[in-house]
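Protein chains in written order, with our numbering: chain A, 1 to 463; chain B, 1001 to 1488.
No lab work stands behind these hints, which were simulated from the structure alone.
This structure is a prediction, so every number in the text was calculated from the model and none was measured.
One should not assume that every hint holds.
To be verified - SDA-like mimics (lysine to any residue), calculated; alpha carbons at most 20 Å apart, straight line:
#1 B:K1003 to A:F380
#2 B:K1041 to A:Y307
#3 B:K1041 to A:R324
What the hints assert, rightly or not - Chain A stretches covered by chain B per the calculated footprint, using a threshold of three residues with CB under 8 Å from any CB of chain B:
#4 360-373
#5 398-412
Note that beta-carbon positions come from the ideal geometry of N, C-alpha and C, so glycine has one too.
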Amino acid sequence: MSALSSRGEPTFAHRRRRGAELFLLLLSLVVGIGAYAAVGLGVQGRVPADIVGYGGWLAALCLLCHVVVRFTAPYADPVLLPVVAALNGLGLAVIHRIDLGYAASHVNIGPFARNQLVWMTLGVLLFVTVLVVLRDHRRLQSLTYTSGFAAIVLLLMPLLPVLGRTINGSRIWIGVGPFSFQPGEVAKVLLVVFFAGYFVLHRDALALAGRRVMGVDLPRGRDLGPVLAMWAVSLGILVFQRDLGSSLLFFGLFLVMLYVATERPGWLVVGGAMFVVGAYSAYLVIGHVQSRVDTWLHPFDPHNNSYQLVQGLYGMAWGGLVGRGLGQGDPTITPLGFSDFIMASVGEELGLTGVMAVLLLYGLIVERALRTSLVCKDAFGKLMALGLAFVVAFQVFVVIGGVTRLIPLTGLTTPFLSYGGSSLVANWVIIALLLRISDQARRPAPDLTSPVEDDATQVVNLR
Amino acid sequence: MNKPIRTMSIFCLLLFALLLLNVTYLQYVDAGNLNSRSDNKRVRDAEFSRKRGAIVAGGQSVAESERSKDQYAYQRTYGQPQRYAHLTGYYSYIYGRSGIEASQNEILSGSDPRLFVNRVVDMLGNSQPKGGSVALTIDPRAQRAAYDGLRALGPKVQGAVVALEPSTGKVLAMVSSPSYDPNRLASHDFTKVQDAWKSLNADPDQPLVNRAIQQTYPPGSTFKLVTAAAALSSGQYTPDTKVKGGPRLNLPQTTTDLTNENGSTCGGDPITLTQALEVSCNVSFGDIGLRLGHAALRAQAEKFGFDQTYLHDLNGQVRSRFPAHPDEPQTALSAIGQFDVAATPLQMAMVASGIANGGTVMRPYVVDEVRAPDLSVLDKTTPEAFRSNAVSSSVARDLTQMMIEVVDNGTGQTAQIPGIKVAGKTGTAQSSPSRPPYAWFVSFAPADNPKVAVAVLVEDAGVARNAISGSGLAAPIAKKVMEAVMGR
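Next comes chain A alone, as it looks inside the complex (with noise of 0.2 Å):
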């Protein structure tokens, strides 16, 4: 008998590279606590005080997040984890910032920084229980439908009487007490899987050719109700929340999701033209989607209630290429410079070479994750990993291309930068998800070969 040879496919073997993770959390560090510094040294002409005490809490953090991956994803990618430590770093860094010009102002807003600190903790914690908890992220296809479910409950929320609340014209908060929450955040998380492990199941079926249209293969007409669903749900979110940022996302994801599940760019056609008449007619019926759009365009126009978007066009030209320095100009004039206009702040005081770090540090994630869901073996995981990495992407284009003119403004989190506890701490769940899929996608494939058998028992004739 021949022995059994493994599958015999020339893998590529990854290796762990938890050292080289180490060694760039510290470079993160150095960029956070160094920016926390230059804070206090450039409004205040001194190192603050608590510098050790933050610093310390920032190392420990991070240090923690590195234990855990050691030991639950050794395999995760190591690039990850310091990125988005350094991106936090620097939010921290120019929230402070802010609090202090604020404070120096006398203006009663904030401070914000320590609450961020403390969502931070928070985001690292639920980091740590997804790694700890979820080992394998295919169990998370048994839930496919609960998460939906979910996803739909938490959108729905907002709109409740007494839980729901209106902020900045968006009614897309839930607040008990003190606290408010966008859990439109946490049911992006939860719209990715539910859509990876829907996809899984029906991807077959929807990828079933029409008729061909211009060498596009068009779905068939009887597979359009998901697709007429998620779009009566996306158009359902701007008009009662009057939220265009999420319902551009919650859209495009979807379209991108069964794209890549069905290999059908077909999708793409008839998702695209069904986007277009959706857009086209809320800009004829939505008035605050015609302000926004009116002020893109015009933007110097004094009728346009442009204030916060020329404010923060004016912040980032007089930081030009390198910055006026942290702590040296005015990014307090911007309306909202901590949260949804923080790239605005960014590029006032560390200029254009800071925020093109940023862009590429964003990159960076997105790059790993599309990376993963390339590695990655399972059609569950391959799907999620894409998903995260397109909800990333499509967020950061859509709220730094509405910061710099380059779209129409929507309201959106810019990822781990902005002030904002339920972005933060969402995307800290998304990033544990990318390196749980991570880690189960690098980690080498179990030896297969058969275990040495004994020798063949003879049989005897005894006759």
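Given chain A's structure and the hints, the job is docking chain B onto it.
Quick look at chain B alone, frame taken from chain A:
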């Protein structure tokens, strides 16, 4: 599924490439535009806490920044506020800038490309960048004589004086009355600034307007210089040519006649062209205008600068105009500077200056030198001909001689300076019966080697109607300004 994942990767790459390109455009390419917008508070704040360069006239600074102890590091102060207000302009946190403060803002604030090296040195030395200074062409004695001369007519006087150096186009004096105190607008006490701004804008006498360049007035008889220039240039006239005189000129197509001021007969009929200018004879010049036609008059006016902008150093210079399609009676009226002819005082100074300079009109300028914070000269304006041969040199000589006669024997005798030949022309322009006439005087001296050309306009001095005349109100001021320039 890997193929669509790769497609999506490229899509994401595109998104990031778009973002990177867009921020590069925003923070590098378009940054200059955004920074120079007047409602940009950041740039304004930075300018206000920076040492702004001085504006200097004849060695004395008329605007400078001094240390202040409030929210901004420096306070802009104007040493001779009223006298130089329309030149320096104001520098206000709320209402922006005007005058030289506006037109030379880049150099004064230190953001001019010519100061790039200074900025780098300041940055390396960790010191605040400083602005460069601007030296004006103004002769402080002439400016003082002009301002004091106008103010001497009364507290409510409205008028303007412009003095030019004929050979270069340097503005030696530019005064507009009523004036204002730019210190009140530059204050850091914003409520006071707002009050000052409101009261200045509510003032019916419009003190913020620079009457020397931002308003046009009917030039009246001073425009006869342009008509005479056109006549002499046509070749049909010499100073001794006999022209129509007498008490009245029958205007074609109408039943009205053109008459002379105070019913004069101009001393006969016919008279010489020189005599006609000497007594400022409306009949003669109306007739000449009809014979030359409006096209010739307009062409001559445009050669002196009508219907053009030429002053780059101050914002808001308006064009002087000659009516587009006057019919015959309107042409006759235009030839004596009435009807729709309108000129700024600067324009009339340029007419005198062009005649004084042998027919070449120099481009007027106010900024003589631009200096770095260490006072090294960055740029010095080179005089430039705005229009050579506005009249030929022989026509210029004839006109000069005729203008000397005006001062020696004619309507301009109040401008005589003992021992110096003065060439001049008066004007008293009626615009409507409801308002007092405009008193004008344009002149230059010394007539044989001109050092200064002046135009004086008195719009309203609050005196009785019959006391208003170019020779009575305007000529004495011109005389004082010319004396000041010539060091008398």
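The hints, checked one at a time:
Between K1003 (chain B) and F380 (chain A) the alpha-carbon distance is near 16 Å, which keeps this suggested pair within the 20 Å criterion. Simply put, K1041 (chain B) and Y307 (chain A) have alpha-carbon atoms about 12 Å apart, close enough for the 20 Å limit, and the pair holds. Only pairs whose Cα atoms come within 20 Å are accepted, and K1041 (chain B) paired with R324 (chain A) is accepted, the gap being roughly 15 Å. Figure legend: the region 360-373 of chain A, annotated as covered by chain B; annotation consistent (6 residues with Cβ-Cβ distances under 8 Å, at least 3 required).
Here's how the region 398-412 of chain A fares: 5 of its residues keep a CB closer than 8 Å to some CB of chain B, so the rule of at least three is met and the hint holds.
Comparing the model with each earlier hint shows no violations; every hint is respected.
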